[in-house]
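Number of protein chains: 2
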Amino acid sequence: MRQSQLFSKTLKNVAKEDQSINAQLLERGGFVYKNMAGVYSFLPLGLRVLQKIIQIIREEMNAIGGQEVTLNSLQDPEIWKKTDRWNDEKVDIWFKTKLKNNADLGLGYTHEEPLTELMSHYISSHKDLPAYVYQFQTKFRNELRAKSGLLRVREFVMKDLYSFTKTPEELEAFYEKAAEAYLNVFRRAGIGDVTYRTFASGGVFSKFSDEFQTVCKAGEDVVYLDRKKKIAVNKEVYEDDILEELGLNKKDLEEAKAIEVGNIFKLGTRFSEPLGLLYTDEQGKRHPVVMGSYGIGPGRVMATIVEVRSDEKGIVWPESVAPFQVHLLGLTGKDDQAVGKESEKVYKTLLDSGIEVLYDDRQASAGEKFADSDLIGIPWRAVVSKKTDGKIELKKRNTDKTKLVSTQELVKTLKK
Amino acid sequence: MRQSQLFSKTLKNVAKEDQSINAQLLERGGFVYKNMAGVYSFLPLGLRVLQKIIQIIREEMNAIGGQEVTLNSLQDPEIWKKTDRWNDEKVDIWFKTKLKNNADLGLGYTHEEPLTELMSHYISSHKDLPAYVYQFQTKFRNELRAKSGLLRVREFVMKDLYSFTKTPEELEAFYEKAAEAYLNVFRRAGIGDVTYRTFASGGVFSKFSDEFQTVCKAGEDVVYLDRKKKIAVNKEVYEDDILEELGLNKKDLEEAKAIEVGNIFKLGTRFSEPLGLLYTDEQGKRHPVVMGSYGIGPGRVMATIVEVRSDEKGIVWPESVAPFQVHLLGLTGKDDQAVGKESEKVYKTLLDSGIEVLYDDRQASAGEKFADSDLIGIPWRAVVSKKTDGKIELKKRNTDKTKLVSTQELVKTLKK
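Chains U and E, in that order, give the protein sequences.
For the first sequence, the working numbering assigns the number 86 to the initial residue and increments by one for each residue that follows.
For the second sequence, the working numbering assigns the number 86 to the initial residue and increments by one for each residue that follows.
Take these hints with a grain of salt, some might be off.
Claimed, not checked - Under the rule of at most 27 Å between Cα atoms (straight-line distance), these lysine-lysine pairs were calculated in the DSS-like manner:
id: 1; chain 1: U; residue 1: K94; chain 2: E; residue 2: K167
id: 2; chain 1: U; residue 1: K430; chain 2: E; residue 2: K342
id: 3; chain 1: E; residue 1: K232; chain 2: E; residue 2: K251
id: 4; chain 1: E; residue 1: K262; chain 2: U; residue 2: K183
id: 5; chain 1: E; residue 1: K262; chain 2: U; residue 2: K212
id: 6; chain 1: E; residue 1: K370; chain 2: U; residue 2: K232
id: 7; chain 1: E; residue 1: K101; chain 2: U; residue 2: K167
id: 8; chain 1: E; residue 1: K426; chain 2: U; residue 2: K212
id: 9; chain 1: U; residue 1: K183; chain 2: E; residue 2: K433
id: 10; chain 1: E; residue 1: K430; chain 2: U; residue 2: K212
id: 11; chain 1: U; residue 1: K262; chain 2: E; residue 2: K292
id: 12; chain 1: E; residue 1: K335; chain 2: U; residue 2: K181
id: 13; chain 1: E; residue 1: K166; chain 2: U; residue 2: K433
id: 14; chain 1: E; residue 1: K232; chain 2: U; residue 2: K183
id: 15; chain 1: U; residue 1: K224; chain 2: E; residue 2: K101
id: 16; chain 1: E; residue 1: K232; chain 2: U; residue 2: K262
id: 17; chain 1: U; residue 1: K183; chain 2: E; residue 2: K183
id: 18; chain 1: U; residue 1: K181; chain 2: E; residue 2: K433
id: 19; chain 1: E; residue 1: K224; chain 2: U; residue 2: K185
id: 20; chain 1: U; residue 1: K101; chain 2: E; residue 2: K94
id: 21; chain 1: E; residue 1: K433; chain 2: U; residue 2: K167
id: 22; chain 1: U; residue 1: K183; chain 2: U; residue 2: K94
id: 23; chain 1: U; residue 1: K101; chain 2: E; residue 2: K183
id: 24; chain 1: E; residue 1: K430; chain 2: U; residue 2: K224
id: 25; chain 1: U; residue 1: K251; chain 2: E; residue 2: K430
id: 26; chain 1: U; residue 1: K183; chain 2: E; residue 2: K500
id: 27; chain 1: E; residue 1: K183; chain 2: U; residue 2: K426
id: 28; chain 1: U; residue 1: K183; chain 2: E; residue 2: K426
id: 29; chain 1: U; residue 1: K94; chain 2: E; residue 2: K212
id: 30; chain 1: E; residue 1: K262; chain 2: U; residue 2: K166
id: 31; chain 1: U; residue 1: K183; chain 2: E; residue 2: K224
id: 32; chain 1: U; residue 1: K370; chain 2: E; residue 2: K175
id: 33; chain 1: U; residue 1: K185; chain 2: E; residue 2: K212
id: 34; chain 1: U; residue 1: K185; chain 2: E; residue 2: K167
id: 35; chain 1: E; residue 1: K426; chain 2: U; residue 2: K224
id: 36; chain 1: U; residue 1: K224; chain 2: E; residue 2: K181
Rather than coming from a laboratory, the hints here were simulated on the basis of the structure.
Because the structure is a prediction, the values reported are computed rather than measured.
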């Protein structure tokens with residue numbers, strides 16, 4: 086894409102009220118626009134990143150048997166009353182609204198209830214199980230204080246998967262597969278090295294749930310890492326007897342701040358019982374379905390990548406989620422028609438080779454183009470200028486080394 | 086995908102309250118689930134169709150220079166007050182809600198206001214124009230009566246594009262390109278032959294707007310078609326002087342019911358003026374940006390296809406939007422291990438050839454499998470049974486002709 090046509094621009098200044106690195110860089114880089122506290126729009130560059138993260142998650146969820154759906158935002162109170170999660174005193178993050186006839190509606194902040202109700206129309210026999218169902222869908226959460234840029238917002242897309250199995254043992258088996266899939270997601274999104282499967286407190290149906298915590302100074306959570314074993318525990322379960330149970334030793338643990346990028350939770354029959362999601366076994370006996378839930382916020386993953394992978398000049402996107410593979414800069418001065426022609430040629434070759442390229446064809450100074458390129462953070466920078474003499478100066482965003490390459494070599498490098 | 090693993094099933098009966106063809110067939114076929122009046126969830130088959138329609142629209146919007154974004158649902162009243170569209174007496178379809186601090190918020194029923202406000206941060210010069218920005222985003226509309234299945238709902242994904250240009254002439258030129266792109270969308274989605282560009286009343290800034298109306302008995306609108314010229318006028322503009330102006334003759338016009346599947350509208354400076362979206366021209370003079378808006382509801386397109394393309398047995402999907410290319414039925418009786426093996430082999434070959442296949446591997450009667458296949462409406466049906474004797478019986482959903490083909494011939498036919 087031609088940068089001259091990209092309506093979103095890098096901004097010199099953005100509101101200071103939110104000093105978080107992710108908000109500053111994503112707004113300045115033209116990835117997102119802040120509509121109000123905790124509410125963001127995704128601009129073309131930001132949406133490209135978000136869609137790549139979503140696609141990684143989708144592939145990993147499909148790989149463990151996930152079936153994709155999209156549920157509704159507008160929520161019928163009746164089904165939430167059955168699980169006692171409608172009352173504002175029980176759940177304090179509801180946004181509520183009303184139909185014309187004055188009937189109450191809620192805006193979904195999660196989807197256990199509507200999906201369980203839905204599944205009760207399709208699951209009746211042991212033959213219908215297991216089922217793993219997921220969606221990418223907007224959640225609304227009436228947070229008292231939105232903060233930390235895209236880390237705590239009032240409206241965001243969430244991938245939520247729910248598992249439906251016959252027994253706790255089947256749940257356990259899928260739960261471990263889901264945990265692996267989650268680690269795959271974070272590894273593919275470029276934060277695998279700093280993301281820890283973290284024991285957290287469970288609920289009625291299991292001793293523990295699992296969080297996925299990315300170690301980062303901007304984190305709101307405190308975790309205790311065993312770097313060797315690559316696991317962690319969160320503050321809730323940092324107790325001698327639990328550590329012993331987990332085979333962890335206090336002296337091997339390191340306290341760190343972290344961002345929760347995902348969590349998985351055994352629900353048991355917490356929702357299937359009150360909502361009547363039952364199955365009949367081989368002997369004709371009825372049982373409540375055993376459930377689990379598995380959440381990731383792609384926007385939060387995006388913000389976490391920025392927190393973890395940026396430097397003083399801007400963002401450093403991993404190749405897997407970068408908005409484009411390469412940033413082509415044409416350094417055309419006033420009398421550089423030759424450079425203009427040359428960079429147009431390179432642009433066309435890259436497009437023809439199926440390479441995702443952002444082409445800075447703007448009338449702007451070299452300094453401005455370099456600064457914008459560092460801020461936007463595309464993994465490869467390819468410069469065509471008078472100095473490059475028919476070649477292209479190629480540099481990775483995260484190194485200072487440059488080398489001169491031919492167009493052919495450029496394509497070959499990027500195709501790898 | 087194996088049908089035995091698809092959690093959504095065809096249903097014998099669905100609620101009678103909504104007798105519309107699209108609701109009946111989409112619910113019975115397992116494409117959608119009705120959560121409440123005017124609120125639907127998309128099940129795996131339905132989401133596949135919806136995503137294909139979305140991808141067609143996306144390609145056509147990109148082809149005319151559209152840049153994709155996603156805006157917010159939660160709306161700040163302040164910007165809507167500036168255009169006088171906050172007051173419930175002016176706009177009667179708002180869903181409204183409140184922040185914890187009791188401040189009002191709305192749920193976006195359209196996005197002229199927030200996008201215009203957003204663009205005012207990126208557009209300041211004539212050099213920043215034109216810009217064409219679109220999204221696929223959920224709209225909330227507090228309809229007094231939701232009806233006709235997916236045709237009039239309270240929550241739905243809409244593709245809305247907005248154009249930002251310097252002059253009415255530039256708007257006019259883009260508007261015509263957008264109208265062409267819309268006709269491409271409906272043609273590609275399989276309803277081009279019955280969809281008419283339809284003159285409708287305009288507003289302050291133009292005499293006409295354009296609707297795209299699909300002729301269909303289930304339609305809520307009445308239009309007057311000139312079948313030869315392939316244009317229509319709606320009821321509002323069915324007047325002698327207007328017809329004369331349009332070069333239409335009452336005697337060539339045919340009254341018909343139709344579904345509005347899209348509409349495009351010249352906004353002029355209706356939103357840019359009150360929201361301060363201005364640009365500076367070459368002489369340094371400031372002008373309000375000239376805007377247009379362009380909407381399609383992919384879910385409504387899906388419902389319209391069902392209304393127009395179904396028969397007494399079920400849906401007949403066009404190949405471009407079908408959930409799968411081929412429905413493979415293995416008619417395995419109790420002692421048909423050979424048929425089971427053979428159909429598994431065909432399934433694997435289709436998958437390996439990159440063909441999207443739904444494989445009915447369930448333990449069910451031939452009659453049930455045939456009936457489900459007709460209901461679901463995948464364009465090709467491929468049957469492996471004792472009778473087909475090592476070959477495959479291939480049939481299109483919309484004909485009765487069958488022929489026996491080899492696996493190789495099957496792949497070749499579907500690859501076309």
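Results of checking the hints against the structure:
With a CA separation close to 26 Å, the supplied pair K94/U and K167/E stays within the 27 Å bound. This hinted pair does not check out: K430/U and K342/E have alpha carbons roughly 53 Å apart, beyond 27 Å. Our distance criterion of 27 Å between C-alpha atoms is broken by K232/E and K251/E, whose separation comes to about 40 Å. Distance hint between K262/E and K183/U is unfulfilled; the C-alpha atoms sit about 40 Å from each other, more than 27 Å.
A C-alpha spacing of about 52 Å is found between K262/E and K212/U, which places the hinted pair above 27 Å, so the restraint is violated. Taking the CA atoms of K370/E and K232/U, the gap is near 40 Å; set against the 27 Å cutoff, the hint is violated. Of the supplied pair hints, the one linking K101/E and K167/U holds, its CA atoms being roughly 26 Å apart against a limit of 27 Å. Our distance criterion of 27 Å between C-alpha atoms is met by K426/E and K212/U, whose separation comes to about 21 Å.
Annotation: proposed proximity of K183/U to K433/E is violated, straight-line Cα distance about 50 Å (limit 27 Å). For the hint pairing K430/E with K212/U, the CA-to-CA distance comes to about 24 Å; that is within 27 Å, so the pair holds. Annotation: proposed proximity of K262/U to K292/E is violated, straight-line Cα distance about 60 Å (limit 27 Å). With a CA separation close to 51 Å, the supplied pair K335/E and K181/U exceeds the 27 Å bound.
With a C-alpha separation of about 46 Å, the suggested pair K166/E and K433/U falls outside the 27 Å cut-off, and the hint is violated. Only pairs whose Cα atoms come within 27 Å are accepted, and K232/E paired with K183/U is accepted, the gap being roughly 18 Å. Taken as a hint, the K224/U and K101/E pair is broken in the structure, with Cα atoms around 31 Å apart against an allowance of 27 Å. Taking the CA atoms of K232/E and K262/U, the gap is near 42 Å; set against the 27 Å cutoff, the hint is violated.
Restraint check: the Cα-Cα separation between K183/U and K183/E comes to about 11 Å, which is no more than 27 Å; the hinted pair holds. Taking the CA atoms of K181/U and K433/E, the gap is about 49 Å. The hint is violated against a cut of 27 Å. Distance check on the hinted pair: K224/E and K185/U sit about 17 Å apart at the alpha-carbon level, within 27 Å; holds. For the proposed pair K101/U and K94/E, the alpha carbon gap of about 53 Å is over 27 Å, so the pair is violated.
With a CA separation close to 44 Å, the supplied pair K433/E and K167/U exceeds the 27 Å bound. Distance check on the hinted pair: K183/U and K94/U sit about 39 Å apart at the alpha-carbon level, beyond 27 Å; violated. Under the criterion of a C-alpha separation no larger than 27 Å, the hint pairing K101/U with K183/E is consistent with the structure, at around 26 Å. Restraint check for K430/E and K224/U: not satisfied, since their Cα atoms lie roughly 43 Å apart, outside the 27 Å limit.
Distance check on the hinted pair: K251/U and K430/E sit about 30 Å apart at the alpha-carbon level, beyond 27 Å; violated. At roughly 50 Å between alpha-carbon atoms, K183/U and K500/E are farther apart than 27 Å, so this suggested pair is violated. For the suggested pair K183/E and K426/U, the alpha carbons sit about 55 Å apart, so the restraint of at most 27 Å is broken. Simply put, K183/U and K426/E have alpha-carbon atoms about 55 Å apart, too far for the 27 Å limit, and the pair is violated.
Distance restraint check for K94/U and K212/E: the Cα-Cα separation of roughly 12 Å lies within the 27 Å cut-off, and the hinted pair is therefore satisfied. Pair hint K262/E plus K166/U does not hold up; C-alpha atoms about 51 Å apart against a cutoff of 27 Å. With a C-alpha separation of about 16 Å, the suggested pairing of K183/U with K224/E holds against the 27 Å cut-off. Taking the CA atoms of K370/U and K175/E, the gap is about 57 Å. The hint is violated against a cut of 27 Å.
A C-alpha spacing of about 46 Å is found between K185/U and K212/E, which places the hinted pair above 27 Å, so the restraint is violated. Between K185/U and K167/E, the direct Cα distance comes to roughly 25 Å. Compliance with the 27 Å bound is thereby established for this hinted pair. Simply put, K426/E and K224/U have alpha-carbon atoms about 45 Å apart, too far for the 27 Å limit, and the pair is violated. A C-alpha spacing of about 16 Å is found between K224/U and K181/E, which places the hinted pair at or below 27 Å, so the restraint holds.
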